[in-house]
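Undergrad: Once you've looked at the hints, dock chain Y against the given chain U.
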Amino acid sequence: MGVNDRMDLAATIVLNGLTLAALYFIVASGFSLIFGLMRVVNMAHGSLYLVAGYVGYAVFEPLYDRDVWWAWYAGLAAGIAAAAIAGALMQKLLLGWMQGQELRQALVTIGVSIIAADQLLALYGGNPRQFFAPDAIFGSTQVPLVGGYPTFRLVQIGIAVAVGVSLWLLLNRTRLGMMIRAGVDDREMLGACGVNVPLVGVAVFALGAALCGIGGIIGSTAQPLAMGQDGRFLLISLVVVIVGGMGSVTGTAVGAVLVGLAEQLGQALFPTYSVILTFVIMVAVLALRPQGILGRA
Amino acid sequence: MLKVSGLHVRFGQAHILQGVSLELGEKPLAIVGRNGMGKTTLCGSVAGLVPASEGEITLDGARLNGLAPYRVARLGVALVPQGRRTFPSLSVHEHLKLVSQGKGARWNVERIYETFPRLAERRNNGGTELSGGEQQMLAISRALLMNPKVVVMDEPSEGLAPVIVDHLIGVLRDLPKDGMRLLLVEQNLRVATEVAEDVAIMVTGRIAATMPARQLAEDSETQRRYLGVAAGAHH
Numbered sequence: 000m001g002v003n004d005r006m007d008l009a010a011t012i013v014l015n016g017l018t019l020a021a022l023y024f025i026v027a028s029g030f031s032l033i034f035g036l037m038r039v040v041n042m043a044h045g046s047l048y049l050v051a052g053y054v055g056y057a058v059f060e061p062l063y064d065r066d067v068w069w070a071w072y073a074g075l076a077a078g079i080a081a082a083a084i085a086g087a088l089m090q091k092l093l094l095g096w097m098q099g100q101e102l103r104q105a106l107v108t109i110g111v112s113i114i115a116a117d118q119l120l121a122l123y124g125g126n127p128r129q130f131f132a133p134d135a136i137f138g139s140t141q142v143p144l145v146g147g148y149p150t151f152r153l154v155q156i157g158i159a160v161a162v163g164v165s166l167w168l169l170l171n172r173t174r175l176g177m178m179i180r181a182g183v184d185d186r187e188m189l190g191a192c193g194v195n196v197p198l199v200g201v202a203v204f205a206l207g208a209a210l211c212g213i214g215g216i217i218g219s220t221a222q223p224l225a226m227g228q229d230g231r232f233l234l235i236s237l238v239v240v241i242v243g244g245m246g247s248v249t250g251t252a253v254g255a256v257l258v259g260l261a262e263q264l265g266q267a268l269f270p271t272y273s274v275i276l277t278f279v280i281m282v283a284v285l286a287l288r289p290q291g292i293l294g295r296a
Numbered sequence: 000m001l002k003v004s005g006l007h008v009r010f011g012q013a014h015i016l017q018g019v020s021l022e023l024g025e026k027p028l029a030i031v032g033r034n035g036m037g038k039t040t041l042c043g044s045v046a047g048l049v050p051a052s053e054g055e056i057t058l059d060g061a062r063l064n065g066l067a068p069y070r071v072a073r074l075g076v077a078l079v080p081q082g083r084r085t086f087p088s089l090s091v092h093e094h095l096k097l098v099s100q101g102k103g104a105r106w107n108v109e110r111i112y113e114t115f116p117r118l119a120e121r122r123n124n125g126g127t128e129l130s131g132g133e134q135q136m137l138a139i140s141r142a143l144l145m146n147p148k149v150v151v152m153d154e155p156s157e158g159l160a161p162v163i164v165d166h167l168i169g170v171l172r173d174l175p176k177d178g179m180r181l182l183l184v185e186q187n188l189r190v191a192t193e194v195a196e197d198v199a200i201m202v203t204g205r206i207a208a209t210m211p212a213r214q215l216a217e218d219s220e221t222q223r224r225y226l227g228v229a230a231g232a233h234h
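If you read the protein sequences in the order shown, they are chains U and Y.
Going by numbering that gives the first Met the number 0, the first sequence opens with residue 0, and the numbers climb by one from there.
Going by numbering that gives the first Met the number 0, the second sequence opens with residue 0, and the numbers climb by one from there.
For reference, chain U alone in the conformation it holds in the complex:
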């Protein structure tokens, strides 16, 4: 293999890592947001990914069959809405009653994830599905060093950046963002300031779930949607926020990039053991900086 080929390979691996990181960031930022304010380790976060994927697909498929150009966008909107509603209901009906009891909440969300997985299987069957991206973002684009590269995966990076910037603006420039940050500091005092904290909690849960929903549709466009992905994306969200630092948008981005790159690098260099690399990073972070790279102590 010549030097040029190696350069190309390296560039491709990095680009693959970044597109994967983009997806991980979108999904994990919702997880991190919910944990940041609510202190809920939402073990059903991966289920929200599946809910968005399947509901979105149910809307997408009939439209796509009729060659409607906005089929994918409709699926995206439906998937986000479904995840947001599911998240809001989860907080309102189940978790809100046990605020502050973190272990109980974690157990309840595990229960929810098991029920959700079975219900989705009963409802939609076990066949994998995959969205087809609209023409505008389908096909391939020439990228220097890499050559032809799927356009949608580049769009994926764009969406992740947009999500990150929007989330930053929301948290730092809006009234809701002020409430969320104040609530992370001192929930009780925020309530004493006249803010309906339980309602803010439902809003945050819906927002975090919606982010996971975006991930669900994007992810199921880049790769097939199938049972078992709830567990995969929950695990990835956990690793990403542990590495990057819980409750920090920038930390989540750093964690996602590290995990995404490590996964692709591992698959290229030592495919059999690639999974280990991700966990080596996690263990190293836990040993050296337990609060995460950008987490607050």
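No lab work stands behind these hints, which were simulated from the structure alone.
Incorrect hints may have been included.
Listed below are the simulated SDA-like cross-link pairs for lysine to any residue, each with C-alpha atoms no more than 25 Å apart in a straight line [stated by the list, open to error]: (1) Y:Lys148 with U:Glu187; (2) Y:Lys176 with Y:Gln100; (3) Y:Lys102 with U:Asn195; (4) U:Lys91 with Y:Ala67; (5) Y:Lys102 with U:Thr173; (6) Y:Lys148 with Y:His7; (7) Y:Lys96 with U:Leu198; (8) U:Lys91 with U:Val40; (9) U:Lys91 with Y:Lys26; (10) Y:Lys102 with U:Ala77; (11) Y:Lys96 with U:Leu168; (12) Y:Lys148 with U:Asp185; (13) Y:Lys96 with Y:Arg122; (14) Y:Lys148 with Y:Arg70; (15) Y:Lys96 with U:Val164; (16) Y:Lys102 with U:Asn171; (17) Y:Lys96 with U:Thr173; (18) U:Lys91 with Y:Pro50; (19) Y:Lys96 with U:Leu169; (20) U:Lys91 with Y:Asn64; (21) Y:Lys148 with U:Asn195; (22) Y:Lys96 with U:Asn195; (23) Y:Lys96 with U:Arg174; (24) U:Lys91 with U:Ala116; (25) U:Lys91 with Y:Ala208; (26) U:Lys91 with Y:Lys102; (27) Y:Lys96 with U:Val201; (28) U:Lys91 with Y:Arg73; (29) Y:Lys102 with U:Gly176; (30) Y:Lys26 with Y:Ala208; (31) Y:Lys96 with U:Leu170; (32) Y:Lys102 with U:Leu169; (33) Y:Lys148 with Y:Glu22; (34) Y:Lys96 with U:Val40; (35) Y:Lys96 with Y:Thr114; (36) Y:Lys176 with Y:Glu193; (37) Y:Lys96 with U:Asp185; (38) Y:Lys176 with Y:Pro211.
TA: Below, chain Y alone, put in the same frame as chain U:
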């Protein structure tokens, strides 16, 4: 009128408030007492943060206990808590915007900056980058901006330099002019007696005595008995 009647609070086996009754009208009321007598718990229950196990708290006839803290706040009770509890992640200006009711309100952000010029200088600083006195001004501003009917203050003078305490006394004495009623918990007898007209003495979860502030200020025997103050009102 804020009315507390027969209020009991228990934390497990601990019986913190043992039947507190008091009435707060136009005249500011101070509550004094040694540490651990239940003063902070009383503040917390009035603000809706600590659930009462018995008794009733009403504001102008509306029952407050049992309501969520944000509802109590919206009915007109603002808390300046012990230790200030400003939000580390919010700047000074964000604290004020969070609770501001708009330009038309009696207390608005502009008036706060006029009253506390120091906060205007520090408007972009974070809640933890402030000195103790500045944090206290911020905590008080946060309460005033809610334009409440009742302000509950838990040891506002704690840890403040004497010159800042003087400024604080001036601010607190002006509250009734805006129609705010003040329930002031204080260890600092000078602040309590200079701001409030009546003083209630709290002993082991009960109000042991209520008397005009002036009387307590001059009665060193009562001070020694209930408050453990050795000499005079200055300590």
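Undergrad: State for each hint whether it applies.
TA: Results for each hint:
Note on Y:Lys148 and U:Glu187: the hinted pairing holds, with a Cα-Cα distance of about 20 Å set against a maximum of 25 Å. Straight-line distance between C-alpha atoms of Y:Lys176 and Y:Gln100 comes to about 19 Å, which keeps the hinted pair within the 25 Å bound. Of the supplied pair hints, the one linking Y:Lys102 and U:Asn195 holds, its CA atoms being roughly 22 Å apart against a limit of 25 Å. The hinted pair formed by U:Lys91 and Y:Ala67 meets the criterion: a straight-line CA distance of about 16 Å does not exceed 25 Å.
The suggested pairing of Y:Lys102 with U:Thr173 holds, with an alpha-carbon distance near 18 Å, which does not exceed 25 Å. Distance check on the hinted pair: Y:Lys148 and Y:His7 sit about 24 Å apart at the alpha-carbon level, within 25 Å; holds. Proposed proximity of Y:Lys96 and U:Leu198 is supported: the alpha carbons are some 19 Å apart, at most 25 Å. Annotation: proposed proximity of U:Lys91 to U:Val40 holds, straight-line Cα distance about 16 Å (limit 25 Å).
Note on U:Lys91 and Y:Lys26: the hinted pairing is violated, with a Cα-Cα distance of about 42 Å set against a maximum of 25 Å. The hinted pair formed by Y:Lys102 and U:Ala77 fails the criterion: a straight-line CA distance of about 40 Å is larger than 25 Å. In summary, the hint linking Y:Lys96 to U:Leu168 is supported, as the alpha carbons are separated by about 17 Å, within the 25 Å threshold. Between Y:Lys148 and U:Asp185 the CA atoms are separated by roughly 24 Å; this keeps the pair inside 25 Å, and the hint holds.
As the CA atoms of Y:Lys96 and Y:Arg122 are separated by approximately 11 Å, the hinted pair is consistent with the 25 Å bound. Taking the CA atoms of Y:Lys148 and Y:Arg70, the gap is about 14 Å. The hint holds against a cut of 25 Å. Taking the CA atoms of Y:Lys96 and U:Val164, the gap is about 23 Å. The hint holds against a cut of 25 Å. Annotation: proposed proximity of Y:Lys102 to U:Asn171 holds, straight-line Cα distance about 22 Å (limit 25 Å).
Taking the CA atoms of Y:Lys96 and U:Thr173, the gap is near 10 Å; set against the 25 Å cutoff, the hint holds. Restraint check for U:Lys91 and Y:Pro50: the C-alpha separation of about 22 Å stays at or below 25 Å, so the hint holds. Of the supplied pair hints, the one linking Y:Lys96 and U:Leu169 holds, its CA atoms being roughly 15 Å apart against a limit of 25 Å. Distance check on the hinted pair: U:Lys91 and Y:Asn64 sit about 23 Å apart at the alpha-carbon level, within 25 Å; holds.
A threshold of 25 Å between alpha carbons decides the hint, and for Y:Lys148 with U:Asn195 the separation of about 19 Å falls inside it, so the pair holds. Taking the CA atoms of Y:Lys96 and U:Asn195, the gap is near 16 Å; set against the 25 Å cutoff, the hint holds. Between Y:Lys96 and U:Arg174, the direct Cα distance comes to roughly 8 Å. Compliance with the 25 Å bound is thereby established for this hinted pair. Under the criterion of a C-alpha separation no larger than 25 Å, the hint pairing U:Lys91 with U:Ala116 is consistent with the structure, at around 21 Å.
At most 25 Å may separate the alpha-carbon atoms for a hinted pair to count; U:Lys91 and Y:Ala208 exceed this at roughly 46 Å. For a cut-off of 25 Å, the pair hint linking U:Lys91 to Y:Lys102 is broken: about 34 Å separates their Cα positions. Distance restraint check for Y:Lys96 and U:Val201: the Cα-Cα separation of roughly 22 Å lies within the 25 Å cut-off, and the hinted pair is therefore satisfied. Of the supplied pair hints, the one linking U:Lys91 and Y:Arg73 holds, its CA atoms being roughly 22 Å apart against a limit of 25 Å.
A C-alpha spacing of about 21 Å is found between Y:Lys102 and U:Gly176, which places the hinted pair at or below 25 Å, so the restraint holds. With a CA separation close to 17 Å, the supplied pair Y:Lys26 and Y:Ala208 stays within the 25 Å bound. A C-alpha spacing of about 15 Å is found between Y:Lys96 and U:Leu170, which places the hinted pair at or below 25 Å, so the restraint holds. Between Y:Lys102 and U:Leu169 the alpha-carbon distance is near 24 Å, which keeps this suggested pair within the 25 Å criterion.
For the proposed pair Y:Lys148 and Y:Glu22, the alpha carbon gap of about 14 Å is at most 25 Å, so the pair holds. Between Y:Lys96 and U:Val40 the alpha-carbon distance is near 31 Å, which puts this suggested pair outside the 25 Å criterion. Proposed proximity of Y:Lys96 and Y:Thr114 is supported: the alpha carbons are some 16 Å apart, at most 25 Å. Distance restraint check for Y:Lys176 and Y:Glu193: the Cα-Cα separation of roughly 16 Å lies within the 25 Å cut-off, and the hinted pair is therefore satisfied.
Proposed proximity of Y:Lys96 and U:Asp185 is supported: the alpha carbons are some 17 Å apart, at most 25 Å. Simply put, Y:Lys176 and Y:Pro211 have alpha-carbon atoms about 20 Å apart, close enough for the 25 Å limit, and the pair holds.
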